[in-house]
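Q: Given next are the chains, with one letter for each unit.
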Amino acid sequence: MISPDVAETLIGCRLMILQSKRLMLNSARRRLERTDMDELRQRVEELRAEIDHAQHAYRQTMLGYGSPDRPEYWLVAYGRLIDAGSALVGKLRLAVDDLPAVERYRVSTDVEVLEAIIDQWGRSMRASMAEAV
Amino acid sequence: MEARVLPTAPDLTELPGEDLTTSALPEVAGWIAIYEELASVLRSVISRADGSEEVHQLRRNLAFIEDRLMAWRDRHAELAGVVIDHKDHSLTYGGKSIRLTRREADLLDFLLRHPKRPFTSKQLATLAWQNSRLSDAQVRTYVMRLRSRLREVGLEQVITVVRNRGYGIAASLGRGAE
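Residue numbers (the numbering used here), protein chains in the order written: chain A, 1300 to 1432; chain B, 125 to 302.
Among the hints, erroneous ones may be present.
Said to hold, decoys possible - Calculated cross-link-like contacts (lysine to any residue; reagent style SDA-like; alpha-carbon spacing at most 20 Å):
id: 1; chain 1: B; residue 1: Lys240; chain 2: B; residue 2: Ala294
id: 2; chain 1: A; residue 1: Lys1390; chain 2: B; residue 2: Gly154
id: 3; chain 1: A; residue 1: Lys1390; chain 2: B; residue 2: Leu149
id: 4; chain 1: B; residue 1: Lys211; chain 2: B; residue 2: Phe234
id: 5; chain 1: B; residue 1: Lys240; chain 2: A; residue 2: Thr1408
id: 6; chain 1: A; residue 1: Lys1320; chain 2: A; residue 2: Val1343
id: 7; chain 1: A; residue 1: Lys1390; chain 2: B; residue 2: Ala163
id: 8; chain 1: A; residue 1: Lys1390; chain 2: B; residue 2: Phe234
id: 9; chain 1: A; residue 1: Lys1390; chain 2: B; residue 2: Phe188
id: 10; chain 1: A; residue 1: Lys1390; chain 2: B; residue 2: Ala195
id: 11; chain 1: A; residue 1: Lys1390; chain 2: B; residue 2: Arg241
id: 12; chain 1: B; residue 1: Lys220; chain 2: B; residue 2: Arg275
id: 13; chain 1: A; residue 1: Lys1390; chain 2: B; residue 2: Lys211
id: 14; chain 1: A; residue 1: Lys1390; chain 2: A; residue 2: Pro1367
id: 15; chain 1: A; residue 1: Lys1390; chain 2: B; residue 2: Arg275
id: 16; chain 1: A; residue 1: Lys1390; chain 2: B; residue 2: Lys220
id: 17; chain 1: A; residue 1: Lys1390; chain 2: B; residue 2: Glu160
id: 18; chain 1: B; residue 1: Lys240; chain 2: B; residue 2: Ala157
id: 19; chain 1: B; residue 1: Lys240; chain 2: A; residue 2: Glu1338
id: 20; chain 1: B; residue 1: Lys240; chain 2: A; residue 2: Gly1389
id: 21; chain 1: A; residue 1: Lys1390; chain 2: B; residue 2: Pro150
id: 22; chain 1: A; residue 1: Lys1320; chain 2: A; residue 2: Ile1301
id: 23; chain 1: A; residue 1: Lys1390; chain 2: B; residue 2: Leu193
Worth flagging that the hints you see were computed from the coordinates, not collected in a lab. As the structure is a computational prediction, the values presented were derived from the model and not from experiment.
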């Protein structure tokens, strides 16, 4: 277990890394609009992957060490739940047409309930967002 | 952990020309993996934020996710055609039956319920047998012994070894010798 101070520092560092990567991507994209170079295009792709990685690290740190008293914690928690839930709904929807009736019925019910839950997570996330501003 | 097999859905879901025997095994395994991920995030949030207003609702969400997870795990076992009777630790597959030890039955049941995921020896010891004192070598021996027993019912390839990641269940598992 780490102390709250260390946790805050860790989260702050992860967030700064993520924000820096985003700034670098924006700058690279603007340059790419002006000069279409293969090298730049490749850099943009690399930065996108680095942002995904940085975002994952930030979320993991926030979920693991962040304080639930902060709205940012809930932003990350609901964001993570919505991502996983949406991925599941997407997979279920894609499969549903090719499934036999037994599965189709069960899957359709799952999709319906999951969509309602994801909606509710979305509302809670927006409330946390308003609180964080 | 008992392998609970869901009853077959009522006939009213069957439409003319419908093929109810189609195996949806790979899809089901994929859903189980994401349901597990969702449940794990929910559990982690609930444990950290216990006592907050949000948690009451999240607990209800978790109850639904866990219920579906259980149901899809059962369905996966049903589609795989593997039946484990925990009373006498017998395994039936493709019309053949063998007696396993309790440890072997628990291990196979655990792996079948968590498809598409490799587990290290340490994880298996804790999660399948609730015994963290078993050494890696002991787990390896149990796995090898189980694999050898499974050969008797034609399931020799079902437990796979994923290099540096552990043991898992083969994606190609399906109703055998029907």
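Q: Hey, Lys1390 of chain A versus Phe234 of chain B, does the alpha-carbon distance stay inside 20 Å?
A: 24 Å, violated
Q: Take a quick look at whether Lys1390 of chain A and Pro1367 of chain A sit within 20 Å of each other, Cα to Cα.
A: Not OK: Lys1390 of chain A and Pro1367 of chain A at ~31 Å, beyond 20 Å, violated.
Q: Are Lys1390 of chain A and Arg241 of chain B close enough, with their CA atoms no more than 20 Å apart?
A: The hint holds at about 18 Å.
Q: Does Phe188 of chain B sit within 20 Å of Lys1390 of chain A, going by the straight-line distance between their CA atoms?
A: The hint holds at about 18 Å.
Q: What's the verdict on Lys1320 of chain A and Ile1301 of chain A, does the C-alpha distance respect the 20 Å limit or exceed it?
A: Violated, at roughly 27 Å.
Q: Does Lys240 of chain B pair with Glu1338 of chain A here, judged by a C-alpha cut-off of 20 Å?
A: With Cα atoms ~38 Å apart, Lys240 of chain B and Glu1338 of chain A exceed 20 Å; violated.
Q: Holds or violated: Lys1320 of chain A with Val1343 of chain A, Cα cutoff 20 Å?
A: Distance of about 11 Å is within 20 Å: holds.
Q: Tell me if the straight-line CA distance from Lys1390 of chain A to Leu193 of chain B falls inside 20 Å.
A: Holds - the C-alpha atoms of Leu193 of chain B and Lys1390 of chain A are around 15 Å apart, at most 20 Å.
Q: Between Lys1390 of chain A and Lys220 of chain B, is the straight-line Cα distance small enough, at 20 Å or below?
A: The hint is violated at about 34 Å.
Q: Against the 20 Å threshold, does the CA-CA distance of Lys1390 of chain A and Ala163 of chain B hold or violate the hint?
A: 17 Å, holds
Q: Mind checking the alpha carbons of Lys240 of chain B and Gly1389 of chain A for me, to see if they're no more than 20 Å apart?
A: It holds: about 18 Å lies between the C-alpha atoms, which stays within 20 Å.
Q: For the pair supplied as a hint, Lys211 of chain B and Phe234 of chain B, is the alpha-carbon distance within the 20 Å limit?
A: Measuring from Cα to Cα gives roughly 16 Å; hence the hint holds.
Taken one by one, the earlier hints fail for this structure at numbers 5, 8, 13, 14, 15, 16, 19, 22, listed in ascending order.
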